[in-house]
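Chains A and B are the protein sequences, given in the same order. Residue numbering for the first sequence follows the numbering used here, beginning at 239 and increasing consecutively. Residue numbering for the second sequence follows the numbering used here, beginning at 2 and increasing consecutively.
You can take every hint at face value.
Quick list of in silico lysine-lysine cross-link-like pairs, BS3-like style, CA-CA up to 30 Å: (1) A/LYS294 <-> A/LYS348; (2) B/LYS58 <-> A/LYS331; (3) B/LYS10 <-> A/LYS280; (4) B/LYS58 <-> A/LYS240; (5) A/LYS294 <-> A/LYS240; (6) B/LYS58 <-> A/LYS280.
No wet-lab data here; the hints were simulated from the structure.
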Amino acid sequence: QKEVEQNSGPLSVPEGAIASLNCTYSDRGSQSFFWYRQYSGKSPELIMSIYSNGDKEDGRFTAQLNKASQYVSLLIRDSQPSDSATYLCAVNKGNTGKLIFGQGTTLQVKP
Amino acid sequence: NAGVTQTPKFQVLKTGQSMTLQCAQDMNHNSMYWYRQDPGMGLRLIYYSASEGTTDKGEVPNGYNVSRLNKREFSLRLESAAPSQTSVYFCASSEARRRGYFGPGTRLTVT
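Produce the complete structure using the sequences and hints provided.
Set out below in structure tokens:
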């Protein structure tokens with residue numbers, strides 16, 4: 239079992255819809271959680287970070303964390319074609335500090 | 002303020018050749034990482050350094066060695082390259098348990 243798991247997709251949504259991306263992790267000691275966006279041929283760029291249970295909103299993006307269920311999600315409201323990319327979930331392992339990534343979910347937003 | 006820099010950007014090696022990928026950061030971060038990215042595999046951690054003088058294996062360390070020369074620099078060495086090491090390599094840095102900042106990547110092809 240991978241330490242951080244995502245559905246690789248592709249996830250296809252129409253323009254203007256809500257895209258929901260999910261991630262589970264195995265290390266209960268994990269303390270920091272991140273969502274990165276990566277366009278083809280580019281480096282990952284940070285979209286959201288979340289450190290405590292609940293929701294965190296930033297513009298069209300909302301990150302949700304549930305440590306009891308070991309689950310973190312990203313919601314993208316009013317999806318745009320420019321949101322089409324691979325979204326990577328990353329978890330900082332509590333005892334080692336290592337930053338571990340899931341395999342990424344490819345999002346396609348269709349005009 | 003250049004952030005995280007990597008050299009070279011592209012490299013072609015023959016099987017059995019050796020090379021060193023260089024990474025430097027100017028953000029005074031303690032933690033540095035080397036990842037490889039293959040299609041559909043997300044980012045897989047090769048090696049991690051929590052501070053100057055310390056290194057730790059990640060998920061896929063076989064065939065690689067690293068050196069944390071000082072706080073700024075973290076190099077990755079392939080002693081005897083194999084076609085299975087064809088990949089895109091990313092270096093990253095962070096403060097402990099905070100977001101990672103990524104370099105532009107090195108595209109390595111081993112023939």
